[in-house]
Structure formats: structure tokens, C-alpha cells
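Taking this note's numbering, the leading residue of the sequence shown gets 261, the next gets one more, and so forth.
Among the hints, a few may not be true.
Claimed, not checked - Subject to a maximum C-alpha distance of 30 Å in a straight line, what follows is the list of computed DSBU-like cross-link-like pairs (lysine-lysine):
| hint | residue 1 | residue 2 |
| --- | --- | --- |
| 1 | LYS382 | LYS293 |
| 2 | LYS433 | LYS382 |
| 3 | LYS293 | LYS312 |
The hints are simulated quantities; they were obtained by calculation from the structure and are not laboratory data. If you're wondering where the values come from, they're calculated on a predicted model, not measured in any experiment.
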Amino acid sequence: MATTKPMGDAAGLRTHKMAISRNYLAQPRLTYKTVSGVNGPLVILDDVKFPKFAEIVQLTLQDGTRRSGQVLEVSGSKAVVQVFEGTSGIDAKHTTCEFTGDILRVPVSEDMLGRVFNGSGKPVDKGPSVCAEDFLDIQGQPINPWSRIYPEEMIQTGISAIDGMNSIARGQKIPIFSAAGLPHNEIAAQICRQAGLVKLPSKSVQDDHNDNFAIVFAAMGVNMETAVACLHNLANDPT
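Whole structure, please, built from the sequences with the hints as guidance.
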């Protein structure tokens, strides 16, 4: 687990100046108790004023439990919200829904290097919260192919079949096609553990050089058992 270095006075002052100089736009949050139905992971609300597609909704249950959701469909004053944590225990009469007016954003910072997060950007490695330098939309922005830097730096994965016949360059996505029973998880973990630039193989992810190299490993649709196994392999587990 990576340790977070304490922020100095100069760095703290710069962060404070950036925070107070931002152009924040505050809007009132609307709260509703108009849940008309629950269907699987979906919650249907009526009489909602100006719901937005992909808007984040905070749900408060009768016992005070808070859950998050996202607007999937809007039809007039009706909104369909998908609850991330599931709809078990949600009572249509006593559940309060607060529309935040914003989309799902993830806090980003250099302190994220070496950490493990879930799909919402929350730490799952029992480490401290990340001091965000910015909040970015999880959907991202399309990249203009014309403005992209031509890929010239080869990445050495340590797997001869990839490096010799299907070599990859920095900035390239690596799809791994597999079938049930094949060691695709082990291959992905091995690539993350061994990959490095050919031009500067001794480069570390902790230096401050402009050409710093880092690996972002994203797992979608895996169960907790697989995720834990991948985490152990990424931690230089000899197995």
C-alpha cells in the first residue's frame, strides 16, 4: 500500500489558491418522497421537476441508510433511477430521494498511484481518502485523433508472444480475448507487474519526469474472489 506524503506549506497554499479561485456554481438540491415503485435495481419516481439524464440521486432509507443511484430514463415528470447498492429494504412510502443536479465524478490526484478503487472512485484498499486535485466526469471526453501524439514508445510486457508478434505502444489499449478456464486473469496481472518502457526501462512511477510511466488496471464484471487474486498478483506476490 502506498503511503501519502504530508503536504508542505507551499503546496498547501497553492492548493488553497486553486480552490478559492474556481468558479463554483451552486444550485439548490430538490428532495422528493414520491417513489411509486421498485423493480429490481430500479426505483421509479413521480412528480420530479426537471430531472436530468445520468444525474446522481442520493436515497435515504427509513433507518437512515444512504445509497446512491443514477437517473437512467426520463419521461416528463417521471424518472427511473438505478440504485448502485441495490434496492433491498427500500420502502416506497418512507424513502427520501435527493437529486444532486450533477453527474458522477471521480476525484483524481497523483496520490491515486498505487491505490485500489471501486467503480465509483472510492478506496477499497482500507487506505485514506484521496485529496482530490480535480473532479472529472467518468464518461470522459472524446480524444481528437489529429491532436494525439504519435505512438513511438514501445512497452515491453515480458511476454514473448506479445512483445514479438503483437507489440504495443504507450497510450494503446490492450484487449485480452479469452474463454472460460483460460488464465486471462494471470496474464493481465503479469502484464501489469512486468510492463515498462523499452527506452527507459529503469523508470519509476514515483519520479516527477514529464515522461513518467504508470499503468491503470481496470477490471469490469469480475467477482470479489477474482479481484482479490488480481490484487495479490499486482502486489508482487510470487504466486
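Hints, one by one, checked against the model:
This hinted pair checks out: LYS382 and LYS293 have alpha carbons roughly 28 Å apart, not beyond 30 Å. Proximity of LYS433 to LYS382 is assessed by CA-CA distance (about 24 Å); at most 30 Å being required, the pair is judged to hold. This hinted pair checks out: LYS293 and LYS312 have alpha carbons roughly 18 Å apart, not beyond 30 Å.
Violated hints: none; the structure is consistent with every hint.
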